[in-house]
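Colleague: Okay, here's what each chain looks like letter by letter:
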Amino acid sequence: MASIEFVRVTKSFDKQEVIKDLDLKIEDGKFTVLVGPSGCGKTTLLRMIAGLDPQTSGSVLINGKDVSRIAPGQRGVAMVFQNYAIYPTMSVRENIEFGLKNNKVGKAERTELVESISRAVGLYDYLDRKPSTLSGGQRQRVALARAMVKKPSVFLMDEPLSNLDAKLRVQMRIELIELHKKLGTTFVYVTHDQVEAMSMADTIVLMNKGVIQQEAPPDRMYRQPSNCFTAQFIGVPPMNIAELGANGVKYGFRPESANLSAEPGDELFSLRGRIATREMLGSETIYQVRSGSGAFMIKCREDLFAVDQEAYVGVPADKLNFFGPDERRIEARDSSYRDYLEALRGQRHG
Amino acid sequence: MSKAFQYTGLTLSYLLKTAILIIFVFPFLWMISTSLQTYRETLSYPPTLIPALPQWINFVDAMSAGPFPTYAKNSITITLSIIAIQLLVMIPAAYAFAKYRFAGKNVLFSLVLLAFMIPGQVTFIPVYLMMADWGIAKTLLPQIIPFMSNAFGIFLLRQYFMQIPEEIVEAARLDNASEFTIMRKIMVPMSMPALATIALFSFVSHWNDYFWPLIMTDSAAIRPLTLGIAMLRETEGISNWHIIMAGNVVLVIPILVVYLFCSKQIVKAFVYSGIK
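As they're listed, the protein sequences go chains A and B. So for the first sequence, the working numbering puts the first residue at 1; every next one is plus one. So for the second sequence, the working numbering puts the first residue at 1; every next one is plus one.
Calculated from the structure, these hints are not laboratory results. Treat the hints with care, as some may be off.
For lysine-lysine, the following DSSO-like pairs were computed, each having C-alpha atoms within a straight-line distance of at most 30 Å [said to hold, decoys possible]: (1) K101/A with K99/B; (2) K104/A with K264/B; (3) K182/A with K167/A.
To be clear about the criterion: a stretch of chain B counts as covered by chain A if any three or more of its residues have a C-beta under 8 Å from a C-beta of chain A, and this derived list gives those stretches [said to hold, decoys possible]: (4) 54-68; (5) 166-177.
Covered stretches of chain A, going by a simulated chain B footprint (3 or more residues, C-beta under 8 Å) [as the list claims (entries may be wrong)]: (6) 93-103; (7) 106-115; (8) 294-300.
Everything numeric in this text was worked out from a predicted model, so none of it was measured. Ideal Cβ placement from N, Cα and C applies to all residues, glycine included.
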């Protein structure tokens, strides 16, 4: 078990700074997910923890100890790669055993560890097979077993599920959550998929262009996004954001917190529009409503409207978010919050 | 119509392949045939294709015409030493060129490629003088030392290593493997096809080498088989083609054996690395 800390870390590739003066603390025993669009620096952070691409300046601490000068193999971390990076010429057993052999673990102990881990991940019957004869899901398990057998204090995972099909991905997601619960070890997981992040994380760290946008548990990240980027990255479809009119202030609401009705409701925010598109997804329907102040995505439980029909979008006051000209969230305790609410009320049926 | 067209194409392709096969295989069969003929048969016209009675005695005659055990021992020592040393030099060099980032890497690699392009005929006199200067001209070393590194091999192996995903090397580093272990346990097993190909090329070119030993040797004690067989030609002033060809068959057999062994390895290695 270990906590991880980045202190004023900067990373450049060929003189181009991808991460600048970053501070971050990853708590001991937590499942932390680094999420963001591609190129945001999340994998770079992970590789810095592993020691594969050391930071240009600043320091990385594992359990309070600066590991900048410690080789990857001696940091007590294990990593699962996106393409699994299984050694193709070795059998499943040799793959799992390789790290133990390098750490000079005795043969008897090695055999015992390999067998118990392989039972835990359901690979016991495949120990003498070559990876080329395994399916994608089984290879994924080999990579997991190889990481687990070393009993690392930190698990690093770089988009480990992205090569699996949708069904297997959901199953592995649950298995990873259970694995984390069982081991109680620090997990650092990188993904670009916000659904994965929301479903597995204790803490989400959302990044964009090398800067941390928000660091919060999934529910807070969803309900109180700290800026426009977070609001629009988390959630499917993303939060609707539009200009309030004055001073560059914006307002926003989630597609699922709006009500769609044929008659105007009594919500604080109400807007008349025309249904432009309709996506019927089974349990829910997503409408795009066009109006004078822009296009809004609305998610409804029921499928009551047809394309080109006129409808009213209503959002209650407590579901509204406001963002300042710097795109930062304006909290409800802020003195101007009430003014913005009133301004929106004034735009009813816009 | 299209079926007829297809069959014509197929026939043409087989004819062409047969023609190519004959061109390549005929000299080889001719060599074996001649090695089993009598002296009279080698001179007769029209030429004898199949000897009336195989003359196995030709092989005994060829092998007793000179110190052939010594020649064979020299050839084996030289060729195997070269291959062993080349592998020791090539693997780490190719690994460094493929997987490390260091200052001057491109310049150094250009130098390797440059070495690859300089023909031996340009360097043999200075090399001979140098070897003589070192006092090793009368040993096997002048036939080994100049070939300790193999620029073509480094080039080929580097290309091969570059195709091995970076993550596999990184996973091994995270598994606390030393760079030596990574080379021995991961890079080498994954590159068996390339290594077998390079070793085979190296074996053929050094086993068959004639020019370099001709320059570097001045006594039977250090001569390889190629020179010994070439010397069969000069016995008694006339060309005993049946004896020379018997010698050549002896020279070629090890290459065939090595080829058969290597081709099996290549297939096996391809099966192993057939995983993405």
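Colleague: Let me make sure I understand: some of the numbered hints might not hold for this structure. Which ones are they, in numerical order?
Modeller: Hints 2, 4, 7, 8 not satisfied by this model.
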